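K.L.:
Chain by chain, the residues:
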Amino acid sequence: MAAPDAPAAARPQPRPAGPRGRPPRKKGTSAAMLLIAPSIVFMTLLFGWPMVSGILQAFGGPEGLTTANFTRMTQDPYFWSSVGNTLLLIVVMIPIQFVLALAMALLIRAKPKGSSAYFYIWAIPLAVSDLAAGLVWLTVFTDRGYLNSLLASFGLEPVSWLAYDNYASMFMAVLIAEVWRATSLVFVIVVAGLQSIPKDYEEAAGVFGAGFWDRLWHVTLPLLRPSLQTALILRTILAFQTFAVALALTGQNFPLVVGETYRWYTGLQDANVASALALVVMTVSMITAIGYLKLLKDQSEAPR
Amino acid sequence: MADISIKGLHKTYPGSTELATNNVSLEVAEGEFMVLLGPSGCGKTTLLRMVAGLDFPDEGSISIGGRDVTYLPPQDRNLSMVFQSYAVFPHRKVRTNIGFGLVMKKVPRDEIERKVAWAADLLQLTPYLDRYPAQLSGGQRQRVAVARAIVMDADVLLMDEPLSNLDALLRLDFRAELKKIVQQLGSTTLYVTHDQVEAMSLSDRVAVMKKGQIAQLGHPITVYEEPADRFVGGFIGSPPMNFLEGRVTQQGALEVAGQSTDAPEFLAHTARTGGLPVMVGIRAENIYLEQRGIPGTLDATVEVVEPLGHATLLTVDLGGQTIKVQVASTVRVSSGERVGLRFDQSAIRFFDTETQLGLTA
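Protein chains in written order, with this note's numbering: chain G, 1 to 304; chain R, 1001 to 1361.
There could be a bad hint or two in this list.
If we take Cβ atoms under 10 Å as the criterion, some of the chain R residues that face chain G in the derived model are [as the list claims (entries may be wrong)]: (1) A1052; (2) F1056; (3) L1102; (4) G1336.
One-sided and incomplete, this derived list gives chain R residues near chain G with beta-carbon spacing under 10 Å [said to hold, decoys possible]: (5) R1049; (6) R1077; (7) P1090; (8) A1145; (9) R1332; (10) Q1356.
In silico DSS-like cross-links for lysine-lysine, where the CA-CA straight-line distance does not exceed 30 Å [claimed, not checked]: (11) G:K199 - R:K1105; (12) R:K1210 - R:K1105; (13) G:K113 - G:K199; (14) R:K1210 - R:K1179; (15) R:K1106 - G:K297; (16) G:K199 - R:K1106; (17) R:K1179 - R:K1093; (18) G:K294 - R:K1093.
If you are wondering where the hints come from, they were derived from the structure by calculation, not from laboratory data. Quick caveat: nothing in here was measured; it's all calculated off a predicted structure. By construction, the Cβ of each residue, glycine as well, lies at the ideal position given by its N, Cα and C atoms.
With the rest of the complex left out, here is chain G (with noise of 0.2 Å):
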């Protein structure tokens, strides 16, 4: 997972000039080299190699390299209707986790009575698995669930929330589980964020005459920049992770990309497909983190 800080330290450093531009010491480097051995070793073994082998997996076949393998994910009836169901839960459930993240932090940060406590509270689901809040929220909108025995008390017809038909329902059932499940990491961010932008610049803006909503779009959420990309890219590259969630809800009728991945490696037993999928995501993944990083770049930090 990526540090909050990844990308300053993208940026280039520039190199401190000894006096006389004297070389680096011999010894300097080796020892450097040593330091860094154990994270090289430990990189290559669990990142660099697996990630290696499941490319070649991709691509591999019973004669040599092949694009079958993504020929047959691509013709699997649930592949589109997966990557659309990805797709259209990342671009609602982003947009409302960010707004409801930033609403909070920034209630946080008005400390109002008891603020450390709404801090914990919302911490809370960073600590509960995916799969839980799925059951959790499965007890909640099932046939009869908590939600069909509430509106039963109203006398209300049961719905069901979760069947193949109710795509609407279904859809919403697990943007709700993901936005309670996941909003906390934004938020957790947000609040970081907000906690090293010195007052000073608020009451500024205050003194020169921005209300509240100016405030926050002219200064807070300027200054918020680096924590929301960080956010941004985490969160954006986990939600194209989002399976177990789905899975417990809905079982096999919305369908998720790495849920699809998931079917393949163990349903299916098609290692070969599940890694092609598992390419796909990761490529997406990485597109959006470098289109996010592109997009986001603070021009006061442009080069003198």
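Since the structure of chain G is already known, use the hints to place chain R on it.
P.N.:
Chain R alone, transformed into the frame defined by chain G:
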């Protein structure tokens, strides 16, 4: 342009039992440059923040130009302010930083441009208008903060220790510049500082604060020459005023360190009924070095000699009490030397030993 009227302000910060301001009342006239001076924790910044609307008082009222603003948010008060940390927006170029308040006030674009150009010219920021604050020096950022405040044509200009983050030389330069600019604008200004030199040099009037209250309010020279109590005398001036334990005898003489000189008439008068212990206050520059034994002088011993360039500062032992004496740098004197001290009678101040308040005729 407007006057500020502050009446009976009480403020306690949450979680603290001490009053940050305790029944503070202050009138700042239209166009006046008022400095709030005091040590840290005296409530001067709290007072400024309440005028700005960044904090609200528990009791009391603030009105600006006759309009009660006590509980209005800052954006509705028509103010401008220079912050101690400058609070120049790091994500905006100098140009949009200076114009920020005007954009918020929805001033027409060409007027904003004109005013930004005027302020940038006044503060020598024209070459930097398209830079980001991170590309400026501390002094330049400070100028941006001032420029942003002066383009506003606000009723009141507030400044919270605007010079405290500058190095000594820059501070000296900018102090004079600031005075010139504010005089040109003629705006009502409330300026907070803990630096007594800044307060003296900038203000029309200075309010010296101590423990949430105004200890003395007046013209800077008056405050310097006639401190209302021992605290003010000890806070203002470098070195601070000397304080000596003394006594006015029944015969009307002033006894200091076992030696006597004439006491002023008003004290001699009140002391007729019996001896009166007093605290004698005198500034280092109002004590003169004389030959030992001349009538009217006090015998003393020089302990430390500190040449300062423009003058020489002496630490002198006067009958067991230590005082500072400032003499011309041409005076040759060495430590251990026994000298006579003559106090400038018109510059001696007297304080009550119990209440620490100044005694006047």
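K.L.:
Does R1077 (chain R) pass the interface check with chain G, least Cβ-Cβ distance below 10 Å?
P.N.:
holds (8 Å)
K.L.:
Is the hinted pair K199 (chain G) and K1106 (chain R) satisfied, with a Cα-Cα distance of at most 30 Å?
P.N.:
holds (24 Å)
K.L.:
Is it true that the CA of K1210 (chain R) sits at most 30 Å from the CA of K1179 (chain R)?
P.N.:
Measuring from Cα to Cα gives roughly 25 Å; hence the hint holds.
K.L.:
Is the interface hint for Q1356 (chain R) satisfied, with its Cβ closer than 10 Å to some Cβ of chain G?
P.N.:
violated (37 Å)
K.L.:
Would the hint on A1145 (chain R) be counted as holding, given a Cβ-Cβ threshold of 10 Å to chain G?
P.N.:
holds (8 Å)
K.L.:
Does L1102 (chain R) meet its interface restraint, that is, does its C-beta lie within less than 10 Å of any C-beta in chain G?
P.N.:
Because about 9 Å separates L1102 (chain R) from the closest Cβ in chain G, which is inside the 10 Å limit, the hint holds.
K.L.:
Just to be careful: measuring from the Cβ of G1336 (chain R) to every Cβ in chain G, is the smallest value less than 10 Å?
P.N.:
Violated, because the Cβ-Cβ distance from G1336 (chain R) to chain G comes to roughly 49 Å (cut-off 10 Å).
K.L.:
CA of K1106 (chain R) to CA of K297 (chain G), is that 30 Å or under?
P.N.:
holds (28 Å)
K.L.:
Is the interface hint satisfied for A1052 (chain R)? The criterion is a beta-carbon contact with chain G at less than 10 Å.
P.N.:
holds (6 Å)
K.L.:
Was the hint right that F1056 (chain R) lines chain G, CB cutoff 10 Å?
P.N.:
violated (13 Å)
K.L.:
Are R1049 (chain R) and chain G close enough, Cβ to Cβ, to be under 10 Å, as the hint says?
P.N.:
holds (9 Å)
K.L.:
Checking one constraint from the list: CA of K199 (chain G) to CA of K1105 (chain R), max 30 Å. Satisfied?
P.N.:
Judged against 30 Å, a Cα distance of about 22 Å means the pair holds.
In this structure, the earlier hints numbered 2, 4, 9, 10, 12 are contradicted, and the remaining ones agree with it.
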